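As a plain string of letters, each chain reads:
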Amino acid sequence: MDFSMTPGTFLFEAWQARFSLLNGLSVTIGSSAITIVLATLLGILVGITLAYGWWPLRLLARLYVDFMRGIPVLVLILFTYYGLALFGINVPAFWAGVIALSAFATAHVAENLRGAVQSVPAGQMEAAKSIGLRFDQRLRYVIIPQAFRRMLPPWVNTGLEVVKGTTLLSVIGVVELLLASQQVMARNYLIIDFYLLAGAMYLAVNFALAQLGGMLERRFSYLRY
Amino acid sequence: MVEQVLLRAIGVRKSFGALEVLKGIDLEVRQGQVVSLIGASGSGKTTFLRCVNMLEEHDAGDILLDGDPIGYRVEGGKRRRMSETAVSAQRARIGMVFQQFNLFPHLTAEENVMLGLTKVLGKTKAEARDIAGHWLGKVGLEARRGHYPYQLSGGQQQRVAMARAVAMEPRLLLFDEVTSALDPELVAEVLQVMKALAESGMTMLVVSHEMLFVRDVSHHVVFMDQGKVAQAGSPAEVFGNPESERLRSFLGRFHGFF
Ligand SMILES: Nc1ncnc2c1ncn2[C@@H]1O[C@H](COP(=O)(O)OP(=O)(O)OP(=O)(O)O)[C@@H](O)[C@H]1O
Ligand SMILES: [Mg+2]
Numbered sequence: 001m002d003f004s005m006t007p008g009t010f011l012f013e014a015w016q017a018r019f020s021l022l023n024g025l026s027v028t029i030g031s032s033a034i035t036i037v038l039a040t041l042l043g044i045l046v047g048i049t050l051a052y053g054w055w056p057l058r059l060l061a062r063l064y065v066d067f068m069r070g071i072p073v074l075v076l077i078l079f080t081y082y083g084l085a086l087f088g089i090n091v092p093a094f095w096a097g098v099i100a101l102s103a104f105a106t107a108h109v110a111e112n113l114r115g116a117v118q119s120v121p122a123g124q125m126e127a128a129k130s131i132g133l134r135f136d137q138r139l140r141y142v143i144i145p146q147a148f149r150r151m152l153p154p155w156v157n158t159g160l161e162v163v164k165g166t167t168l169l170s171v172i173g174v175v176e177l178l179l180a181s182q183q184v185m186a187r188n189y190l191i192i193d194f195y196l197l198a199g200a201m202y203l204a205v206n207f208a209l210a211q212l213g214g215m216l217e218r219r220f221s222y223l224r225y
Numbered sequence: 001m002v003e004q005v006l007l008r009a010i011g012v013r014k015s016f017g018a019l020e021v022l023k024g025i026d027l028e029v030r031q032g033q034v035v036s037l038i039g040a041s042g043s044g045k046t047t048f049l050r051c052v053n054m055l056e057e058h059d060a061g062d063i064l065l066d067g068d069p070i071g072y073r074v075e076g077g078k079r080r081r082m083s084e085t086a087v088s089a090q091r092a093r094i095g096m097v098f099q100q101f102n103l104f105p106h107l108t109a110e111e112n113v114m115l116g117l118t119k120v121l122g123k124t125k126a127e128a129r130d131i132a133g134h135w136l137g138k139v140g141l142e143a144r145r146g147h148y149p150y151q152l153s154g155g156q157q158q159r160v161a162m163a164r165a166v167a168m169e170p171r172l173l174l175f176d177e178v179t180s181a182l183d184p185e186l187v188a189e190v191l192q193v194m195k196a197l198a199e200s201g202m203t204m205l206v207v208s209h210e211m212l213f214v215r216d217v218s219h220h221v222v223f224m225d226q227g228k229v230a231q232a233g234s235p236a237e238v239f240g241n242p243e244s245e246r247l248r249s250f251l252g253r254f255h256g257f258f
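Line by line, the protein sequences give chains V and A. The opening residue of the first sequence carries number 1 in full-length UniProt numbering; numbering runs sequentially from there. The opening residue of the second sequence carries number 1 in full-length UniProt numbering; numbering runs sequentially from there.
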């Protein structure tokens, strides 16, 4: 790599491309963040259905989770973008991607939550019943806080998968970090350099996410039996 | 004066699959009384206690608290389970202390006691904290109010669990072998709290293998055998005059005390 600031060198070209790259990065972070928030909220609902739902609902939730975990995310993204268009539903590429990724991540969060909830000892639910808490209160104040601690490591994993998964949005033309980098390469042919740069930026985002997870885990480390 | 009947069980039946565990239990607990359930392992003591609190749902018969049926109502000749909200409200009037303590591990001792006070009884945080302090003081743990369960000994955890149950001012307290999971040297401190509760006039239904405690504290002892009440009466009657061979051999296991 040539680090002098003349046209055609990496530093010069990177500086020239800074706005495109930062734009790409913000699309990556934005779509990841929206997906993680959506998938966490929906995943809690689906996960609780898996653990406690009325059986027909539970069966539906189970089918959904197994289906979503069984098909490639890319197929899901293409289906959401092109497939829905066939039914006359036109979703902007960014949102089609976010919907598909959320549908995928929801399944993972749900399955993790079910496992975490069911690993809380049965006596906890019984103690919560015995002081008169209603079902929703038992979940909110007793079960979920305990399941949360167990859910953190797999939840962070899902987050990392989502960030990496946003690269697939490039296929339907969303200019996220990968596609933005490729567009820059098309102008300056510094292919290796900019793939390395993109890789480093993904690494930085995921490192930050993992740190956040680690922080939360330490914050809740008093949860022992 | 004879106190009024607080809890009345009439013909309570319960099966797990093909196994009938309760075969028609009749039993009364009067206001302010301590009633102890004794019997061999598997005789159905725990199952009965759990039915009283709707942790298990009985198949037939009635359990009445203050005359109100628990868990089920009969409407037009049909037995219907009550709504989740109604059952929760009934449970709030019945406290339970468990063998395994079951404290909430993510909450401090004080927060364990406060949870039901704020969320079920609608007290403010400040009121709940005062009440929690009062009851933690009564069980000798005022100084540990900020400790998490894992920072407490088994005996201390069980005393917090008792504070959590009494603080709700239940009509009735259920105890299921609350000293069985404790190291022997911690049993006395827990029994002492139970004795103090009994003396304060709390109505208690107790399953216990601590026969000396049962004999000294109970007003009434019920011997269960194979899902039925085999003999019931005052401690003097049950321990002094066991009617059946099974009760004699059951009592004989306790080091010849009786
Ligand atoms: N959830 C359950 N499913 C199936 N069988 C059960 C269940 N709970 C209890 N039983 C059975 O019911 C019978 C009575 O159990 P229970 O726990 O009420 O006895 P117990 O008198 O409390 O005994 P112990 O003194 O050992 O605690 C036992 O045979 C037990 O195996
Ligand atoms: Mg038992």
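Calculated directly from the structure, the hints in this document are not laboratory data. Incorrect hints may appear among the rest.
Stated by the list, open to error - Incomplete in silico selection of chain A near chain V, CB under 8 Å:
#	residue
1	Val5
2	Leu6
3	Arg91
4	Ala92
5	Gln100
6	Leu115
7	Gly122
8	Thr124
To be verified - Some chain A residues judged to face chain V by a derived CB distance under 7 Å, without partners named:
#	residue
9	Asn53
10	Glu75
11	Met96
As the list claims (entries may be wrong) - With a straight-line Cα cutoff of 20 Å, these simulated EDC-like cross-link-like pairs (lysine to aspartate or glutamate) come out:
#	chain 1	residue 1	chain 2	residue 2
12	A	Lys78	A	Glu57
13	A	Lys228	A	Glu57
14	A	Lys123	V	Asp136
15	A	Lys78	A	Asp68
16	A	Lys119	V	Asp136
17	A	Lys119	V	Glu126
18	A	Lys195	A	Glu169
19	A	Lys195	A	Asp183
20	A	Lys228	A	Asp68
All figures in this text were calculated on a predicted structure; none of them were measured in a lab. Don't be surprised by glycine CBs; every beta carbon is placed ideally from N, CA and C.
Each hint, compared with the structure:
For A:Val5, the interface hint is violated, since its Cβ never comes within 8 Å of a Cβ in chain V; the closest pair sits about 22 Å apart. With 8 Å as the threshold, the beta carbon of A:Leu6 stays out of range of chain V, its nearest partner Cβ sitting at about 17 Å, so the hint is violated. A least Cβ separation of about 5 Å between A:Arg91 and chain V falls short of the 8 Å threshold, and the interface hint therefore holds. With a cut of 8 Å, the hint placing A:Ala92 at the interface with chain V holds, because the nearest CB-to-CB distance is about 3 Å.
With a cut of 8 Å, the hint placing A:Gln100 at the interface with chain V holds, because the nearest CB-to-CB distance is about 5 Å. With a least beta-carbon distance of about 6 Å to chain V, the hint placing A:Leu115 at the interface is held under the 8 Å criterion. Among the interface hints, the one on A:Gly122 is violated; its C-beta lies about 11 Å from the nearest C-beta in chain V, farther than the 8 Å criterion. Taken as an interface hint, A:Thr124 does not check out: its beta carbon lies about 17 Å from the nearest beta carbon of chain V, beyond 8 Å.
Contact between A:Asn53 and chain V, as hinted, is supported at the beta carbon level, the nearest pair being about 6 Å apart and thus within 7 Å. Proximity of A:Glu75 to chain V is violated relative to the hint, the smallest CB-CB distance being about 22 Å (cut-off 7 Å). Restraint check, A:Met96 versus chain V: the minimum CB separation of about 4 Å is within 7 Å; hint holds. For a cut-off of 20 Å, the pair hint linking A:Lys78 to A:Glu57 stands: about 16 Å separates their Cα positions.
Taken as a hint, the A:Lys228 and A:Glu57 pair is honoured in the structure, with Cα atoms around 17 Å apart against an allowance of 20 Å. Note on A:Lys123 and V:Asp136: the hinted pairing holds, with a Cα-Cα distance of about 19 Å set against a maximum of 20 Å. Proposed proximity of A:Lys78 and A:Asp68 is supported: the alpha carbons are some 17 Å apart, at most 20 Å. The hinted pair formed by A:Lys119 and V:Asp136 meets the criterion: a straight-line CA distance of about 11 Å does not exceed 20 Å.
At most 20 Å may separate the alpha-carbon atoms for a hinted pair to count; A:Lys119 and V:Glu126 meet this at roughly 16 Å. Between A:Lys195 and A:Glu169 the CA atoms are separated by roughly 17 Å; this keeps the pair inside 20 Å, and the hint holds. The suggested pairing of A:Lys195 with A:Asp183 holds, with an alpha-carbon distance near 19 Å, which does not exceed 20 Å. Our distance criterion of 20 Å between C-alpha atoms is broken by A:Lys228 and A:Asp68, whose separation comes to about 23 Å.
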